[in-house]
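Work the whole structure out from these sequences, hints included.
These protein sequence lines map, in sequence, to chains A and B. So in the numbering used here, spot 198 of the first sequence is number 198, and the numbers just go up one at a time. So in the numbering used here, spot 248 of the second sequence is number 248, and the numbers just go up one at a time.
Worth flagging that the hints you see were computed from the coordinates, not collected in a lab. Treat the hints with care, as some may be off.
[Said to hold, decoys possible] Computed, partial: chain B to chain A, Cβ under 10 Å:
1. G158
2. L186
3. D187
4. T189
5. A217
6. L218
7. R257
8. L259
9. K271
10. A272
11. I277
12. D280
[To be verified] Cross-link-like lysine to any residue pairs, in silico, SDA-like; alpha carbons within 25 Å at most:
13. A:K172 with B:A272
14. B:K271 with A:R258
15. B:K271 with A:L173
16. B:K305 with B:E294
[What the hints assert, rightly or not] Covered stretches of chain A (chain B as the covering partner; in silico rule of three or more C-beta atoms under 8 Å from a C-beta of chain B):
17. 207-218
18. 248-257
For glycine and all other residues, C-beta sits at the position ideal for the given N, C-alpha and C.
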Amino acid sequence: MQPLLRVENLVKHYAAGRSAPSKDKFAALDGVSLSIPARTTLALIGESGSGKSTLALCIACLEHPTSGSIWFEGIDVAALDENQQRLLRPQIQLVFQDPASSLNPRWTALEIVSEPFFVQGRFSKQERSDKAGTWLDRVGISRKMVSRRADELSGGQKQRLAIARALALEPKLIILDEALSALDCSVQAQISNLLLELQSSLGLTYLFITHDSAMAAQLADQIAVMDHGRTVESGPAEKILSSPGHGATRSLLAATPRVPETHSVLVDS
Amino acid sequence: MTPLLKVQDLRVAYSDRMGELCPALAGVNFDLGPGEILGVVGESGSGKSTLAAALLRLLPSNGRIQQGTVFFEGKNLLDVSPQDLRKIRGGRIGLIFQEPSSSLHPTMQVGRQVSDVLAAHESFDRRTLGEKTSQLLATVFPVDAARISGSYPHELSGGQRQRVLIVQAIACGPSLVIADEPTASLDPTTQQEILQLFQTLRQKLGLAIILITHNPALLVGLADRLLVLYAGRIAEIGPTAPVLTAPQHPYTAALLRCLPSHFAESQGSRKARLQVIPGDPPDLSLRAQGCQFEPRCALRMEVCKSDEPKAATVGERHEVFCFKFPS
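As structure tokens, then:
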């Protein structure tokens, strides 16, 4: 089956420090390859600084890779010019870690979700807000809350709002960059369930970037592990989790804190 | 054994823009022994950061301590003079905040930021100050303390910055350190290193630590006891292992069941829906009487609507605030 997204040997260099000579480069991505079949989830795990977020930015056409290719539905995204990229961007949307800093606090929920239509020049004003209302409803933000400002919403509601904004243009691929990391455990569970439900009903493909291997296990079909700008291991989630082959994977899995099995007499009755 | 810290009936409220008081902590009681690590677990809005701030009277201007006592080394911190309080803050009680990047001065070398803490509490000549600073940095950076000392915060990683904050907190040899989400912005490997460092400092310096977090999993193998907060009240307090493996309060149990279970035990349940706690998080301004968890509790009874539950002892030093247990 043709994957929805295939990244081949992607390299991204940044200039290394302001005083360094211009030929000194820092390789944030140093040959990354991965592919995601449509309607599945790939979890990308790795330590801070391993290049996960740089990869996300390259795939979303927000950074230009130094070399390599990003095939999205058979098109090499990295080779497109600015105008062609603008046409492609609605297909690939992002949800960030901290909803408080990725939403304009003074805008209402409805305005935030209408904006993608406005930017893309779609629909009349009335249609934009109708459609935004429908998406908000879909992610569990009720009619009576759509006129609240973003800063009046709780952390979980803000992240629902960010998901509605990402869904508005009906993308095929959603990049979830640590989208659950800033949330409380009980809210994490709700948002994780919402993501699974949206995936099965809308046929979404997720690139789930995280350093929480327990959440990766929960959501992913496949797992890729990054270390120092390279993908060091990838494969079906069960396999990576049960028999990790690379040292970086093993240390990530070992470092994930977990609670021992709970035996609650009281609540199970 | 005399406790190092004894908190009794602590009540804190914030006034909103209309001047109405919203209770954030409503009668919190606990104590802490010397060298003990207490984990405080709670979700957003449970009052855990308010608790950290109230103990040192660092509440924002709209927050007010309405009632209670905080006995620490024989003094009630809520009564002591501002001069005495200044000596206790940073001197006897160290504080570590969540965001290491915003707690450090961006254009000052970190060594200087550590020596400033020392100089604020005691007068040293320049050379002694320099030596003490290097010694302190060497306790958490065994390898390259000198390089770190001359670095600016932006040149350090998140984990290194967090270590600098820890050095500041222990600089004056406190007996208690309060750490509010000290590892929230770090990746798991670094997180483990920092938690290990707390363990080491406790063993070496006999520090008591209050570790506040929203993730109960971080406290496994580290905290001696756990305090679970819900809506400004203690739901459950007890030794870590029984609270995590056999939680007695319906809220503690529900919270732990939200966590994705460990993959080794649950290979069949991948992409299965996680359990959630039904209902909405508590709105502190609304609910005045009864158990705060009652609207979301699967085991609620008639009495839960009207009365507030009292402590019921369910094991050694293990108390639960729930009507399911005879108090």
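Structure-based check of each hint:
1. G158: Result: holds, 6 Å to nearest chain A Cβ.
2. L186: holds (7 Å)
3. D187: With Cβ-Cβ at 4 Å, under 10 Å, it holds.
4. T189: holds (4 Å)
5. A217: holds (4 Å)
6. L218: For B:L218, the interface hint holds, since the closest Cβ of chain A sits about 5 Å away, which is under 10 Å.
7. R257: Hint on B:R257: holds, closest Cβ of chain A at ~7 Å, below 10 Å.
8. L259: holds (6 Å)
9. K271: This interface hint holds because 6 Å falls under the 10 Å limit.
10. A272: holds (8 Å)
11. I277: holds (5 Å)
12. D280: holds (8 Å)
13. A:K172 with B:A272: holds (22 Å)
14. B:K271 with A:R258: holds (18 Å)
15. B:K271 with A:L173: holds (18 Å)
16. B:K305 with B:E294: holds (7 Å)
17. 207-218: holds (count 7)
18. 248-257: That given contact holds, which follows from 5 residues of the region 248-257 of chain A lying within Cβ reach (below 8 Å) of chain B.
Going through the hint list in order, the structure satisfies each hint without exception.
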